[in-house]
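Engineer: Given the coordinates of chain A, work out where chain B should sit on it, guided by the hints.
Residue numbers (the working numbering), protein chains in the order written: chain A, 5 to 120; chain B, 400 to 515.
Among the hints, a few may not be true.
Said to hold, decoys possible - Part of the chain A face toward chain B, derived, beta carbon under 7 angstroms:
1. 47
2. 48
3. 52
4. 54
5. 58
Claimed, not checked - With a cut-off of at most 30 angstroms between alpha-carbon atoms, the simulated BS3-like pairs for lysine-lysine come out as follows:
6. B:410 <-> A:42
7. B:456 <-> A:7
8. A:74 <-> A:7
9. A:7 <-> A:42
10. A:20 <-> A:119
11. A:42 <-> A:20
12. A:42 <-> B:456
Think of the hints as simulated: they come from the structure by calculation, not from any bench.
Computed from a predicted structure; not experimentally measured.
From the three backbone atoms N, C-alpha and C, an ideal C-beta is built for every residue, glycine too.
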Amino acid sequence: AQKVTQAQTEISVVEKEDVTLDCVYETRDTTYYLFWYKQPPSGELVFLIRRNSFDEQNEISGRYSWNFQKSTSSFNFTITASQVVDSAVYFCALVAYYNQGGKLIFGQGTELSVKP
Amino acid sequence: DTGVSQNPRHKITKRGQNVTFRCDPISEHNRLYWYRQTLGQGPEFLTYFQNEAQLEKSRLLSDRFSAERPKGSFSTLEIQRTEQGDSAMYLCASSISSGGFSYEQYFGPGTRLTVT
Numbered sequence: 005a006q007k008v009t010q011a012q013t014e015i016s017v018v019e020k021e022d023v024t025l026d027c028v029y030e031t032r033d034t035t036y037y038l039f040w041y042k043q044p045p046s047g048e049l050v051f052l053i054r055r056n057s058f059d060e061q062n063e064i065s066g067r068y069s070w071n072f073q074k075s076t077s078s079f080n081f082t083i084t085a086s087q088v089v090d091s092a093v094y095f096c097a098l099v100a101y102y103n104q105g106g107k108l109i110f111g112q113g114t115e116l117s118v119k120p
Numbered sequence: 400d401t402g403v404s405q406n407p408r409h410k411i412t413k414r415g416q417n418v419t420f421r422c423d424p425i426s427e428h429n430r431l432y433w434y435r436q437t438l439g440q441g442p443e444f445l446t447y448f449q450n451e452a453q454l455e456k457s458r459l460l461s462d463r464f465s466a467e468r469p470k471g472s473f474s475t476l477e478i479q480r481t482e483q484g485d486s487a488m489y490l491c492a493s494s495i496s497s498g499g500f501s502y503e504q505y506f507g508p509g510t511r512l513t514v515t
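One chain only, chain A, in its complex shape (with noise of 0.2 angstroms):
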């Protein structure tokens, strides 16, 4: 069985601060995908990164940075210096490459709160 477990529900931050969202999955299959979503309060799922499990490079776009650890099944995202257009529900995701026909598994969220 495929999980994704966001065990932070809600995060509260001050403008300026780094904050890390904390990803763990469970899968059987040896080659899948990982995903990061950002959900507004306008309610549409953006989508933020795909990763796939031969690469364990960490990702840097901007203020955003990814670290996947295949060791620990982690995938967590780090948004560095916040801002409050950054507050939003984030959403991590999973897909197994050969089967299931790419339905995402997605963790339950967790609400980001930036405060200026």
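Structural biologist: Quick look at chain B alone, frame taken from chain A:
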């Protein structure tokens, strides 16, 4: 650049009524997914289409739910004899698939259903 669109954005209905939602995917995307999201949870997979073929249905999709994608373009999700437990956000996503793999899914704004 048009993304995934969904109509209506909001629907309030009385218990026992039938409702139908529409999703228009990104035009070149051959896969279309339906998810359901309840308050405080991540989206849960309902069903998906590869072109016009419905290839998988979740056990969440009771016999009161039906989905179609005629001609592999837009899709409709119908709920018959609605129940209060059907109240949720219904999300549509689309993606491109190649060699059996589905790349990142792009989501529409969702249809929020309230059953009174």
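Engineer: Looking back at the hints listed earlier, which ones does the structure fail to meet?
Structural biologist: 3 and 5
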